[in-house]
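We have chain D already, so just place chains H and A on it with the hints.
Which chain is which? The protein sequence lines are D, H and A, in order.
The C-terminal position of the first sequence is numbered 810 in this note's numbering, with every residue numbered one higher than the one before it.
The C-terminal position of the second sequence is numbered 1270 in this note's numbering, with every residue numbered one higher than the one before it.
The C-terminal position of the third sequence is numbered 325 in this note's numbering, with every residue numbered one higher than the one before it.
These are computed hints drawn from the structure, not numbers from a lab.
Bear in mind that the values here come from a model prediction, so they are computed numbers and not experimental data.
Any given hint might turn out to be false.
Said to hold, decoys possible - Below 25 angstroms or equal to it, Euclidean Cα-Cα: the simulated SDA-like pairs (lysine to any residue) are:
| no. | chain 1 | residue 1 | chain 2 | residue 2 |
| --- | --- | --- | --- | --- |
| 1 | D | K489 | D | V786 |
| 2 | H | K1217 | D | D652 |
| 3 | A | K318 | D | Q404 |
| 4 | A | K188 | D | I431 |
| 5 | H | K1154 | D | I651 |
| 6 | D | K388 | A | P212 |
| 7 | D | K636 | D | L580 |
| 8 | H | K1154 | A | L127 |
| 9 | D | K314 | D | Q379 |
| 10 | H | K1154 | D | D652 |
| 11 | A | K188 | D | P416 |
| 12 | H | K1154 | D | T705 |
| 13 | A | K189 | D | P416 |
| 14 | A | K318 | D | N448 |
| 15 | H | K1217 | A | Y121 |
| 16 | D | K487 | D | L531 |
Said to hold, decoys possible - Stretch by stretch, here's where chain D covers chain H in the computed footprint (C-beta under 8 angstroms, at least three residues):
| no. | region |
| --- | --- |
| 17 | 1135-1146 |
| 18 | 1159-1171 |
Yeah, the Cβ is synthetic: ideal placement off N, Cα and C, and Gly gets one too.
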Amino acid sequence: MTINKQKLEMLNITKNFPGVEALNDVSIVANSGEIMGLVGVNGAGKSTLMNVLGGIYPSDSGKIILNNNHIQLQSPNDAAKNGISFIHQDLLYFASQTVAENIYMTDLPKNDLLPFFISKSKIIEKSSQVLDMLGSDINPNSLIEELSTGEKQIVEIARALATGSDIVIFDEPTSSLSIKEKEKLFKVVRKLKSENKIIVYISHFLNEIQELCDTYVVLRNGRLVGSGNVADESKNNIIRMIIGRDLTASKNIFKETSNETILEINNLVQGNLLQGIDLTLNKGEVLGLWGLMGSGRTELIRTMLGLDPMESGEIYLYQDSKTKKISPKQLLKQCGYVTESRRIDGLFISEPVWKNITSGNLNHYSRGRLNLMNSNAEMQSAQDHIEQLKIKTPSYSTSIENLSGGNQQKAIFSRWLDKKPKILILDEPTRGVDVGAKQEIGSLITELARDGASILLVSSEIEEIVSLSNRVLVLRDGVIVHEASGEGINEVNLMSVALGKEQ
Amino acid sequence: MIDNIISTRFSFTKKIKRLISGNNLIIPISITIIAAIIFSLTVPNFSNIRNILNIFEQLGILGFLAVGMTFVMIAGGIDLSSYTVVSASAVVGATFMVATENVFLGCGLMMMVSVFFGTLNGVAIAYLRMIPFIVTLSTMVLAQGFAIWFTKAQSIYGLPDIFIEIFSGRLFNFIPVPAILILLVAIICSFILSMTLYGRWLYLTGENEKTAEVSNINIQFAKFTTYIISGLMAGITAIVLSAVVETSTTSMVRDVRLMDVIAATVIGGASLKGGSGSVIGTMFGLLFITMLGNVFNLLGVSPFLAMIIKGSVLVAVIGLDVLRTR
Amino acid sequence: MQSSSFNLSQIQHFIFSYGFYILLFCLVILFGFISNDFLSISNWTQISIAACFLLAASAGLTLVLITGNIDLSIGSIAYLAATAVYLTADYHPLVSIMVAILVGISFGLFNGFLVAYLKMNSLLTTLALMIAYRGLALVITGGSMHYIGKPLASFGSVKFFSNSLPLIFLTSLFLMIFLQIVLKKTRFGTYCYAVGNNETAATRIGIPVRRVKALAFVISGICAAISGLLLSMYLGEITTFTGRGMEFQAVAAVVIGGTSLFGGRGSVLPGTMAGVLLLIIINNGLGTRGVSPYIYPFVAGALIFIAIYLDSIKNRYMIKK
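For reference, chain D alone in the conformation it holds in the complex (with noise of 0.2 angstroms):
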């Protein structure tokens, strides 16, 4: 590989959208055999800048500069031929068909003696060295979708290396992966360094950055609001500069609550992943259940809830100083669920913001023999929460999709709040949440749990847990490891459990 030294700019790239200015003239560099960070909230542009860079869409205004030459990207085509890979979050492969074919499916090698053929022997050899150039000893003859995320996020970066790709976006990479895929993402990142390509890593999570990056970006609402290199700036002030202002360390205030337990669950067992989970929830607290993606939180919650199958296990609720076996799908009743996607399984996407908030809720609003919807009360309702949350939207009857991602959350914990459950369960709440929407959320969370409702917390985001809990659950690979409460409710003994004996 030749080795040549790039250099790449963005500069005053400026991008709106209808009702939000995404983009406001942001400038960044990048040069080659660096790997830069881009850091900042949900919404503070850098998807947006990464997805001009990308050619998802084109900037309104301003230039992109690559080794001194003005390049238009108007497509992801257009980014491709300049050598720009996107990794994105959810990973892009195709399932039925090899490694080799998924590294190489933009560049399908000849067959020599007949060139309308794909050579087989060849895409084989070609993928092998990508793969050993990465360090990795996946077989390029094997099925894609049966490998683990980890490894497909591999076959992807391959891919982008084989396509000559000079310039790597990752965008939040370490999302699904163990802490041993983590590691080996990072001994590929780094090997792409080496082979001097320009390095774009994205993540909110500041110990990567710490880690693995050389210079950084930080963006905040659509503006560049520092940048610089790594080692050259303190972690207190890069957050500084995330959200602008000091963020107090995230302490836990909260003493013990009642012992009065509310919900019992014994030996859940499901798929490969859970091995066989207690888990008790007391009345008027919110237990935080704390792990990385991959640890099975998600698949915890809907498996208990009965929206995957459970293959063995006991659910136990204590109502009226009674206890009640009861099936998963019996505990939907009972709960409110505010999912982790909302664009998979927490929104009526078509559906006026008022339908969204009454859907959880519908028998309350059925009267009579025929069941008939009182959407006046609906809509009242529907008003009454707007006010209460502070949800922005012209009306109740906007449709839900034009409303930000922080007002959608609000509108669905509102569904929740409606039905006002005994138990809450709460998943990624604030993903995808400005930090003042964050904040609010985090506020109601804390009432709730003081007016008696209990709260089931499960976050990736450490700073949520630690603040919001009264008890934290530590998840590793399927079973809970660690149970923190009180003063052992802290960043460092929380990291260092998941952390742990894998080391």
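Just chains H and A now, with coordinates in the frame of chain D:
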């Protein structure tokens, strides 16, 4: 984002507006009215009372299938089998009626057969989670095969006079009974869909099954019942059609009619993806399609040419639907 | 990664991949036992003749399904091609063949344009076109039966290895082999699978998705036309029933043969061929037993049911991993 909180009055007009649900109904209603006007001005005999009643009688026959299809499509599915289930139900009931002169039981049998096929569809699709298109495709073949096997490919004549009089007669010597029936069914179904909890379940299930499940809606039940309803509608069609043509055969509803029914629902605002559609829209859509066929007839257009045109119209409608949702 | 010990998921994997062929094999043996005639050469000649029309059409349909679409207009295209043969009956047979294939290309192109470029839903669109195309053919033929005339009828009945393989079967066979090679060995074939597996990814990395989908429809059109061509050549006549219902049989055969309705998976050989053979063999097998011809639709319907049930299980099984 505009930070407006608009206070509103929950008036009667708003209720009507909600019934018409946005701009979904503008298209079917307007093209039907426009077409009606054009046809009555340009096509001889179109606005003749007899012809209009004829149109409404036809509406009365396909209408039930269209209503059934609407339910199914709102919940996100499709039912390709309803038109052959009509034949399957009709021949069983007719054979019984001819043999025993018992109209009541004959009709009952027709309904039972159609609900049986509906259950078959419903169980496979809602509970076994199979793909609606293929399931109903195979049920379609099954029902057709059943009808042929049951009758050894013979048509059944000699249906009891009472039966024919009741279901194909004219009320006050004027309004065709099928038209009254479809009007009743349409009103009831429209009410169910737009005003009841069950209707809300269907729309939400069709819009996003996963979210609906999380919201504690029983999506299996929702989807299952839509196929039962579709089956019921096929049964009603079997009864009405047998009376109107005074015979039960193995292909009472031609396959081209399936296209008409689907076209009607799509014109009426339904989408293959689910979550939208309405009985009113479907009925207007069906009216449009029926008028089209009627006009072809009046103009002496070859039935084959009519097939081409109808097929093309449906293609155009689907194309427009794609544009609409983009 | 899977462990190397012999566990349940490996058995499941084996069943999913090979179970169907085992079933087919058992069925052949079963029928062979039940009826003396079943395994005779003349019976198998019958089977291969009955199969070849469906084989040709199903081969093209397989490609469309792999790209994640469906083509329900193939029966009508077959009829249109047969009509074209009728119209050119006075000319040299080669002219008829060329015109028929041209018909397949034209209508396949139209289908491809609507689905791939105008992004219309392939199911509803080809369902509607099925009617429109058939109407067109009916207009041309006046809705009645026509003889092709002697030259082509005799063409169709020329046998190759005297008394064993009819020419038309060989044509279908070669067509299948050709398409299977295209699928597995050419760039286009790999693209078909890619588009069916993950259209978003395919677009992102620069695969000409629309062209691939459209080309699949063109191939499907050509195959349907060939089927109609073979049918008219063999029967020496065309009727209003030509190609009628073939699309549903073809879909059944392709799905039974292992091609997933979800796209991205499947094969012409051995998959679709086995699917077609299964259907034809069952029909034939029941026939030699003297079973009422009315049973066949039941069996076909039941088979499709089972096939798609297995397909949906397979799909969920794959997603879980």
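Holds or violated: are the alpha carbons of A/K188 and D/P416 at most 25 angstroms from each other?
holds, 14 angstroms
Holds or violated: are the alpha carbons of H/K1154 and A/L127 at most 25 angstroms from each other?
holds, 24 angstroms
If you draw a straight line from the CA of D/K489 to the CA of D/V786, is it 25 angstroms or shorter?
The given pair, whose Cα atoms are some 19 angstroms apart, holds under the 25 angstroms limit.
Straight-line Cα separation of H/K1154 and D/I651 no greater than 25 angstroms?
The hint holds at about 7 angstroms.
Chain D covers the region 1159-1171 of chain H, three or more CB atoms within 8 angstroms, holds or violated:
holds (count 3)
Is it true that the CA of A/K188 sits at most 25 angstroms from the CA of D/I431?
holds, 15 angstroms
Between D/K314 and D/Q379, does the CA-CA distance stay at or below 25 angstroms?
holds, 16 angstroms
Taking 25 angstroms as the top limit, are the C-alpha atoms of A/K189 and D/P416 close enough?
holds, 11 angstroms
Taken at face value, is the distance from the CA of D/D652 to the CA of H/K1154 at most 25 angstroms?
With a Cα-Cα distance of about 5 angstroms, the restraint between H/K1154 and D/D652 holds, given a limit of 25 angstroms.
When you check the alpha-carbon spacing of D/K487 and D/L531, does it fall within 25 angstroms?
At roughly 33 angstroms apart (the allowed maximum being 25 angstroms), D/L531 and D/K487 break the hint.
Using a Cβ cutoff of 8 angstroms, are there at least 3 residues of the region 1135-1146 of chain H near chain D, or does the coverage claim fail?
holds (count 7)
Next pair to validate is H/K1154 with D/T705; report whether the Cα-Cα distance is within 25 angstroms.
holds, 22 angstroms
Hint compliance for this structure: hint 16 is the single one not met.
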